[in-house]
Structures are given as structure tokens and as C-alpha cells.
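Residue numbers (this note's numbering), protein chains in the order written: chain A, 1 to 252; chain B, 253 to 1241.
Calculated from the structure, these hints are not laboratory results.
Beta carbons are placed, not taken as given, at the ideal position from N, Cα and C, and that holds for glycine.
Warning: the hint list may mix true and false statements.
[As the list claims (entries may be wrong)] With beta-carbon atoms standing in for the labels, derived distance ranges: (1) A:ARG40 / B:LEU278: 54 to 64 Å; (2) B:ARG706 / A:ASP76: 55 to 65 Å; (3) A:ALA224 / B:ILE688: 35 to 45 Å; (4) A:ALA224 / B:THR597: 55 to 65 Å; (5) A:ILE238 / B:THR597: 32 to 42 Å; (6) B:PHE1175 / A:VAL28: 52 to 62 Å; (7) B:ALA637 / A:ASP76: 37 to 47 Å; (8) B:LEU278 / A:ASP76: 53 to 63 Å; (9) A:VAL28 / B:PHE1209: 29 to 39 Å.
[Stated by the list, open to error] Over 12 Å on every C-beta distance to chain B, these chain A residues come out as not near it, computed from the model: (10) VAL26; (11) ASP73; (12) GLN108; (13) PRO114; (14) VAL115; (15) ASN121; (16) LEU128; (17) ALA129; (18) GLY130; (19) ARG203; (20) GLU208; (21) PRO220; (22) ASP240.
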Amino acid sequence: MATVLHPLGSTSERERVPIVEATGVVKVYDTGRVKVPALRGVSLTVYRGEMVAVMGPSGSGKTTLLNCLSGLDTIDEGQILIAGKELAKLPDDVRSEFRARHMGFVFQLFNLIPVLTALENVELPALLAGVRPSEARRRAMQVLEQVGLADRAGHKPAELSGGQQQRVAIARALVNQPDIIWADEPTGNLDTETADEVMALMRRLNQENGQTFVIVTHDPRIGAMCDRIIHMRDGLIIDDGLAQHQVANGGE
Amino acid sequence: MNEVFGVSLDLVLRILIGALAIILVLTGGLWLWRPVLGRMALRNIPRRPVQTVLIVLGLMLSTLIFSASLTTGTTLQRSITGQVLRLTGPVDELVVQASGDTRFAGPQPGVYLPFSVVDELDRLREREPRLVAVVPVLWQPVAAIDLRTKQSEPALNLMGVPPERLPTIGGLTDRNGHPIDLASLADDEVVLGAEAAKRLDAEIGDELQLFLAGRPFQVRVAAIAPDSFLTGTLNVGDAGGLAVSLTRAEQLLGISGQVSFVALSNRSGLTDSEAVTAAVNDVLAETPYRAVAVKQRAVEQAEQAGEAFTNLFLLSGMFSVAAGILLIFLIFSLLAAERKTEMGTMRALGMKRWHLVALFALEGMGYNLISALVGAVAGVAVAYAIAGFMGRLVGEFFTIEPSWRPRDLVLAYLLGVVVTFVTVVVAAWRVSRLNIVAAVRDLPEPQLPRASRRWLVAGVLGTIAGAGLCWLGLARESLGWFGLGMSLLPLSLAAVLRRFGVPPRPLYTVAAMLVLVYWLMPDPWHDRLFGSMSGGFELFVLSGLMMVAALTVFLVWNIEVAVGLVGRLGRAFRRWLPAVRIAVAYPMASRGRTGLTVAMFSLIVFALVVMSTIYANVVALFTGEYADAGWDVEISQVGVAPIPDLLQVLQDEGIDTSKISATGRTLSVPWPRVGVRPVGEADWARYPVRGIDTDFARNVEAPLQLRSAEYATDRAAWEAVARDPSLAIVDANVLQQRGGDPANLYLPELRGEDGVLQPLELELRDNASGQTTTVRVIGVIDGRVSSLFGIFVSESVVGGVFGRPSSIEYSVRLIPGSDARSFARQVEAALLPYGAQAEATADVIGRATGIIRGFIRIIQGFMALGLIVGIAALGVVSYRAVIERRHQIGALRAIGYRRAMVALGFLLESALVTSAGIVGGAFLGVLLARNVVTGEQDLAGGLEGFSLVIPWGQLLFFSGLALGVALLMAYVPARQASRVSIVEALRYE
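All chains should be modelled from the sequences, with the hints used to inform the complete structure.
Written out as C-alpha cells, the structure reads:
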């Protein structure tokens, strides 16, 4: 479905198309002796092209929500649709392929493969998505240029700074031009200046490419740079940020 | 068995006990002084049970090798000693005719001593209290058939013993221990030995037809006695024989006043042997008769055999021990990698470097004490299995009785514990060098632009040691020392140059290539460059270790090339390309770890391939078309008068002689009777002599690999030898030094420049009579003619110098299409009155080479034990990799890696590393085997038209087996990796 994308805050409610739809999601961690409810009936919608921040104190269920929404983790109750597809019902291999083609991930610890160069790390998802090796390399180089690291393409992660590693991770997340990018504390391991740089980069890419970003963070400054902030506490969404967003955009 | 490699086992035991005491005091003291280190070490052991099992498995192998080698030596020594002692019983010495060399002297058929010798010895017995019995024995080989069972035996020994003297050596008893009185036997009664009874399927009361020089006479079995000298078993594996009184034997043989040998017995057995032998030889100084301490000689030979086998198995096991040591390094590198952050934190908290070493040493000791125990016991089990295989090989002649000694077990245990402990400490010292900040933050160790000063010191020391070893090797003409020096030099020099900033890759590549070139250099080149040197089986082990070390250095520094190739191949399978890329990236990133695993597999595959290739070439060389010298049936007649006209006798016995196309005859004098030396040399060597007739010379199909220029053809040379008693042809074994025993005939000077025979005169001596003659060697038989062995001379030389031959061989060629085996059976039945044994030549060759082939197989099996190390190593590496990369696996799965891809990546990685080891080891193995087989001093040295046989089937089998088991070992962790929960993995740090 073609979607008309607008710069931040300019997409009108009528044109907004949901890409993530979660309804009554429950996730309980069973440690054998105790059952810990991590999500207690979460419902949420994220629209295409949005940059959403999920915030809340430690243990509120932010990362669990991201893992469940992205299909990395299973849920105990409820339903999650990504672009209309219920990932939980797909076999593991199909789910893996779906992630490779339609999703990108950015982690707090960067999670780059230490034995591969920056370029090889970035082209990996493209190869996983079945892109020809030459095309994968071209795309990877292009994305590295986008994140300003073309000159570091041949370096291994250990030879890059934290900020540079995270930019490589972002490039890796973008190489397949996914519909949605999940970022779990992407600036948690970076100093303020580098964190701002990385955030600015994501914001720019969001605006230029129209990709959806779901960012888990507990840094209010990061939240402030997003279109909308979802607040969580004790496994529940206490504010999905839609009201402020509508107000900000002049809605009812 | 008291020595290994010439070092007293008691001394080794004392040193090891001292070393263990030091280790225990050190580790125990450390534990008491810093209990926290002990607690940490102990708690680390059960942290990962699967890994602990693999570690114990890997560490036990060295002890297993030591234990199995020592126990095998003990088994052989005890088996030989036991059988010899049972045979000789109370007999300690034999007095025989031996005017020359007494080292190998023994009784000979047809050689007699006058009874005056017995009288002289009786007089000696009266004044020498240590000599308690003097028993003259008359001996003659006879053929026999049991008329009830129709079973026959062509070579039994008829022994005539004086009954009145028997009580002085314990008397003769039957199998139930009841005394037998030879004097009370009737004229037609005999006492049969147990082995002879078995072969004839005879029972008491059976009638036997005996043939003495073709003359038949009938006897009855009055009793069956255990095998001993007195009942005709003169050597282990003999068919045995039968005993009668001396008087009756004299009547049967028509001999009086002479005996074949005199058996002596001492008061205190072996203890008195030296004194009694000296006293007897003193008395008989003026005669050609000497006392031979047969029991002492046999016990010493058993001791030597035990030590030789222990040494052989220890050397063969060195590949596995080396692989085991590498495994210990690998294990501790992995443990250190796993605990890097912990170690960094501990260092940051104030722990010193030696604390970390102590921590690992204590933990290592924990594994060590258990694994050495398991290894020592498992080694005994392996030795028993080896004894079983050997028993099957030699069971026809000799019984292997597996046995073990607590001392062997203790020695192996101590050796295993000490070797492992030292390795653990060195490995721990190495891994304890860490950058605290990098360790705490789990970052890679900072790379230095050039080698550290430590490497410079090691390099300089290595260079000095290498140069010293080269000098030592040159001075002693020892290839072992020289080769070790030549291997150390380039690698040490590379370490020195590295310190001065020379890039490592070209430096180590060149150094490794130099080592490889040195070891793979053909012998003539080596001799030309460095002079002639010699070495034994240890060279095989040394060359293997050095070449594998060089290959590993080469691979480690050039891994990018191999990996790039695999990466390019991976492009053909686009769907799996990401898995391929990851699989090749990890081994490349951990050069040290990859190198260690590659080296382990290379070592074992190298050893197996060398042995397989040698095996295949032994078979090709010694059982090929040349092997039988053109003969189909061998007829052997022991110690009796020749058959007057073979063809006529066969015809008379109803054999279809039209099947025979050619015959030849040789008179054989075995090596103990023959002294041989090049004219002008002082020391006598030993070698059999065979006198040939003109028919043999005309019909033998034995090409000569070296021939005197005065003969136009090989046939002309053979015919000249049969005609002229001053000429000889020798087999090709004299060109090679077998086992370094100086008593073996070794005539390298026969081979001149460009393969032309150099004239050489040999002096031949009858060790019994001392009579000598001189012959000129005019040819050397092609090494592939494995059925001809000895110095071939004219029949008249045997008659003139040695008197009666010990055996006569008739060689028969059949017309094409005849069944040699069935013909041999018919001939043997027909010639029984002449005491002749007939066998198809192919069977004779098969039996002779079968034992060699069997032993190679046993050694191969022993070497294959090292594969356990390689497999355990892969298991540890793969298992560790799953844990180490858990977080990365989570990330990969998150970005779309499928489960199958994760598993495939792990399997591919194992396959790559294993394959590098297998291919490298096999490549080096084939190259070295080529040198071993085709070198001038070696199996096929100087043979025209012989090309190396490469056993592709076996190579593929070993490679496939190693790869298959390695993949199986990697499968479990790979599967585990593929099932890692993404979220759990991402949370894992």
C-alpha cells in the first residue's frame, strides 16, 4: 500500500496507516518458582513513518514490549500484527526471513559481529534477504555513506569508537530499507554528544526515508526528539502519547 | 623391562616421584596460603560439566599413551620370558660347536661333539659346585605321520637323552606331572612332546611312522610330555619332537660316541650362568666347543624385545602426546577467554599475575589428577587390545599373554600428571598476560606494532640453541639433532627479525617454508649439502612434529588466502553465503586457536597417512610380480640328506610332473652359523648363506638391481655364481641399515656412483668349525624379489665351508594355470618320508609380509588414538564458541539469520578447520612417505621402474572418518546454537 509520507508532525490522522497493531498483549516470565508478569494487557498502534519512543522506569516492560512487537519473543496472550501479518503464527524460518526483509534492529550494545568489517556487517542483512552479493555490497556502501562512515568500511568493530559502531549498527538496520526499525536503548552506551549525533542521524533517516522507528529509551531528551512518547509502568501503557501528538498537530 | 630409550625406569620413577612431591607441595602450600584461590579453582571445575568431561578426555590421552606403551613392553617381555623359561626348564647352558662367534651359537643338525667333551664336563662338575647337571643330547630332525589320525609333520626333533642323568635336571614328567622313565621304554616306544602331539592329533598308544633320511621306522607313543628342550622344542614356535633314551637314539641314527649338544644346569640358575659359562669355556679352551648361556641370552633378548616395543609405541604415541599438549594449551586459552572479564576484574581488584597462574594451575591440577588416573587405566585396556591383535598375528609361533605391572601404571600416571602440570603452568603463564582495561571491558587485546622483548629473547635463545644443535648433529653425524637445529633456526631468526619491525606474514611464511623444504629434501641432496648422517625411527616422529609446526605457522599467517577461496566458493550458494562468511571469519579472527586445532589434526593425520603409504608400498613392493622370483612352490627339507632326484621321486609317488616347467635347488645355512665381513674389516656380521645349483641359476626370475659390468645379463651373473665358488649375489637388504644393529650385514659400499656395482670381496665363516672362504659380490637382487634372502653362492661353497646345510630348498615353477596350493599339498604328502614341507610361494610371501603388515596396522591403530584429542579439541572449541558467541547469535537471529544458518555456520567452521588439518597432514604425510619409500637407504631405494603407491582409498577413509567424527562432535553445539532463544541471547553478556 502506498503511503504518503510527510515531515514530522505533518501527517494528518486520516492519512495515517497502522504498521504495528498490538491488542491485549500479555507476557509472563515463568522462572519455575515465580511468575513475573512483564506485560499485562498492552494495546498499542504505531503508524507508518512515525518515530515513537517507549519510555518508562527500569522493569516497566519497555524492552519486553519491543521484543514481543518485533517477533523476537513470544507472547502469552493477545495479538500483534505487523503490516497486517500476525508474526506469532508464522514458522520460525519465515519469521526470520520477514525480519531480514522488513525489519531493522539497533541495540544498546551495538551487537556487531566482531570478526566482520563494518562493510561486511552492513551487507549481512542484504545477503540474508537474498540480494546478489555485488548489489548487497553496493547498498551497504551507500548506507555507510549515508551514516558518514564510508571511510571506515574496512575497519572491524573493535577499531571503531562507540558512536561509530552504533552508526554501523544503524546502517546495518537500514540496508534492506526495512519498513520498521526497532532500537533498544540505542544511545544507552554513548556519551551525550555522540548520543545526540546518533539520534540526529536516526531522525534524518526517518525523515528522508519515511521508515518507522520504535525506540526504547529512558532518556527524556531522546523521547523529546521523537514524534510520540509511549509511557509504560509495571507492564502497562499508561500513556500512548496520541493525545499530545494530536494536540501538537492541531487535532481535536 | 628396566629401561626406555636407554634410561633406567627406576631412575625415571624416582625423578617423577620427586617432581610430583614438588608439585603437590607447591599446589598444596598455595592452597593453604591463599585458600580463596583453591576455592575458586575448585568451583570452576564443575561450572560446565560437558566441558569438564571433554577436558578430562583430552588430558588423559598422554597418560594413556605412556601406560599402553609400558604395558605393551611388559606384556611382550613377560610373554617371551615365560615361554623361554618353560621351554628351557632347568637347562641353563648348552655346550655346542662354536669356534667362532658364540653370540648366536646353538645346536646345528649334523654337527656333533665327541663324548670326551661330556667326560671333561663331568670332571668339571665334580669340582665346580655351581654346575649340578651335565646331560648329553643326541638330536636329529625327523618327519612323522600318525597312522591313526593320518596327520603328518615333516620337521620334528628326535632327542636322545641318557635316562640316568635325567634326575639331575628334574627328570621327565608327563602332562599330569607323573615321572617318565626313558630307560623303561621298549625299543619301539617314544615320549612325544605336547606340541608335536597337537600337530599330529596323537594320543598315547598311537603308532607313528617316522622317516629318518627317507628311511621309515615305526614307533608307539608311550607318553606325552610338556614341551621342553628335552622333548625337542629348541625354539619358541617349534613343532617340538619326541624323546628316547640316548642309547636308542644312537641305534636309530647309527651314531656312537658323539652327541649334538650338552645341556647344563646350574645350582642357582641364571645367577650362576656367567661363572659356569666361564668355567666350562676355560676347560674347553683348546677345543672348538663352547658353552652358550641360552637361558640368560633368551631372558636378555626378551628384555630387549620388551624395551624395543615400549620405545616403538612411545615414539608412535608421541604424535598423540604432542596433540594432547596442544589441547591443554587450547583448553586453557579458551578458559581464559571465557573468564577474561573476571580475570581483568580480579587484576583490577589487586590480584597479581602469578595469582592468575596459580589459579589456573590449581584448577588444572584438579582435572589432571582425575584424567591421569583414567588415562593410566585406559592405557592398560589399550595394551590388552594390542596384545590381542599381536596374538592373532604371531599366534602360530608364539603366545602373547597380556600382563601389567603396578610400576608401569604408577610410572604412566606420574608421567601424565607431571607433563600435564608443566603444560598447564606454561599455558596459564601465557594467558595471564592481559591488559586489565581491555579485559574488564571485554575488548580485544591491544596489538603491538612489533614483537615484544620476550619474543626477542626467545628468538635469540632459539637461534643459539638451533645453531648448537646443528653443530652437535654434524659432529655426531646425527640427523635427529641436526634436523632439530635446522628447524629451530629459521623460526627463531624470524622471531628476532620481527622485533626489528619486519612484517610478520612474509617473515614467518619464509621461515616455515624453509623448515618444510629442509625436511622434504631428498636424501642425496641432503647428503650433498650437509654430509652423510644417520637416524632411526625417532626421525619420523621428529620430522612429523617439525613439519606440522611449520605448516601450522604457514597456514596461520596465510589463512586469508584459504579463507578468501572458501568465501569465493560460498558465492555460488547465495542463499547460504552469510553462513559461509561467518564460518570463515571466526577461524581467521582467532589465529592462535585455529592454528592449535589445525596442528592437532595435522599431527594425527600425518602419522596415519605416512603409515598407510608405507603399508601400501610394502604390499606393492614385496608381494608384487617380482616377489616370487618366478617360483610357484617351495619345498623345504630340514637337516637330512638331499632327495636324490626330485622329479623321479615325485613321479614314483604318483605326482603329475608334467605340470612342472622348471626346478632349482638351494642349500641353506642359517645366519647363526654364518660369520660374514668385507675382506679387511675386523667385525663379523651375520647373514644366511644359500648355495644354488645350476638349475636354480638357469630358471630363477630374479632381476639384479646392481650387476658387475663383466656380465652382460642378469642370467649370466646367476649362472656364473652357480658355476664359480668365488662369486656371490646378495639380496638388496644389505644396502639398508635395519634397526641399527651392527650385527646385521650392511654393505652400503656396494652401491657406487650412478648405481654401478662396486666390486666387494666378502669373507664367509662357518661359526661352528671356524672354516672360511672368500667370495666376490657380482650382483644385488632387486628389492622387490622378497622371496630371496641371503648371500647366494655356489652349492660347492656350502659343502666345502659349512659341511651339511641346515635345510635344503627345492623351488618349483608350474605350467600356467596350475593350482600351486593344491600341488604343494600333494607334494608334501608324497615327500613325507624325506621330511619335506611344501608350500605355495605366494603363501610363504604372504605369511612373511603378513606379520610386517599386521604390525604396521597395530601401530596405525595406536596412532589413531590421537584422533580422540583432535575430536575432544573440536568439541571443546565448538562448545566454547556457542557460549562465547551467544550474544552475537542473538543479534544475527534478530536481523534474519535462520536457525539452519546458525547451525550450518558452526558446522562449516568446524569442517574448515578440520579440513585444513587433514589436508595439510595428508599432504605432508604423502611427501614424507615418498622420501621414506624411495630414498636410497629405504624400501624401494634405487629400484628402476618403481613408482610410489598412494593409498587413495585409505587416505579418503581416514580423512572422511576424521571429518565425519569432527562434524558429529560439532553437531551438538551447532544444534544448541541454532536453538538459542533470541531474547535470552541478546540479554546474555
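Do the hints match the structure? See the list:
no.: 1; hint: A:ARG40 / B:LEU278: 54 to 64 Å; result: holds, 59 Å
no.: 2; hint: B:ARG706 / A:ASP76: 55 to 65 Å; result: holds, 57 Å
no.: 3; hint: A:ALA224 / B:ILE688: 35 to 45 Å; result: holds, 39 Å
no.: 4; hint: A:ALA224 / B:THR597: 55 to 65 Å; result: violated, 37 Å
no.: 5; hint: A:ILE238 / B:THR597: 32 to 42 Å; result: holds, 39 Å
no.: 6; hint: B:PHE1175 / A:VAL28: 52 to 62 Å; result: holds, 58 Å
no.: 7; hint: B:ALA637 / A:ASP76: 37 to 47 Å; result: violated, 57 Å
no.: 8; hint: B:LEU278 / A:ASP76: 53 to 63 Å; result: holds, 56 Å
no.: 9; hint: A:VAL28 / B:PHE1209: 29 to 39 Å; result: violated, 54 Å
no.: 10; hint: VAL26; result: holds, 16 Å
no.: 11; hint: ASP73; result: violated, 4 Å
no.: 12; hint: GLN108; result: violated, 10 Å
no.: 13; hint: PRO114; result: violated, 7 Å
no.: 14; hint: VAL115; result: violated, 4 Å
no.: 15; hint: ASN121; result: violated, 10 Å
no.: 16; hint: LEU128; result: violated, 4 Å
no.: 17; hint: ALA129; result: violated, 7 Å
no.: 18; hint: GLY130; result: violated, 7 Å
no.: 19; hint: ARG203; result: holds, 22 Å
no.: 20; hint: GLU208; result: holds, 22 Å
no.: 21; hint: PRO220; result: holds, 25 Å
no.: 22; hint: ASP240; result: holds, 23 Å
Checked against the numbered hints given earlier, the structure breaks hints 4, 7, 9, 11, 12, 13, 14, 15, 16, 17, 18 and satisfies all the rest.
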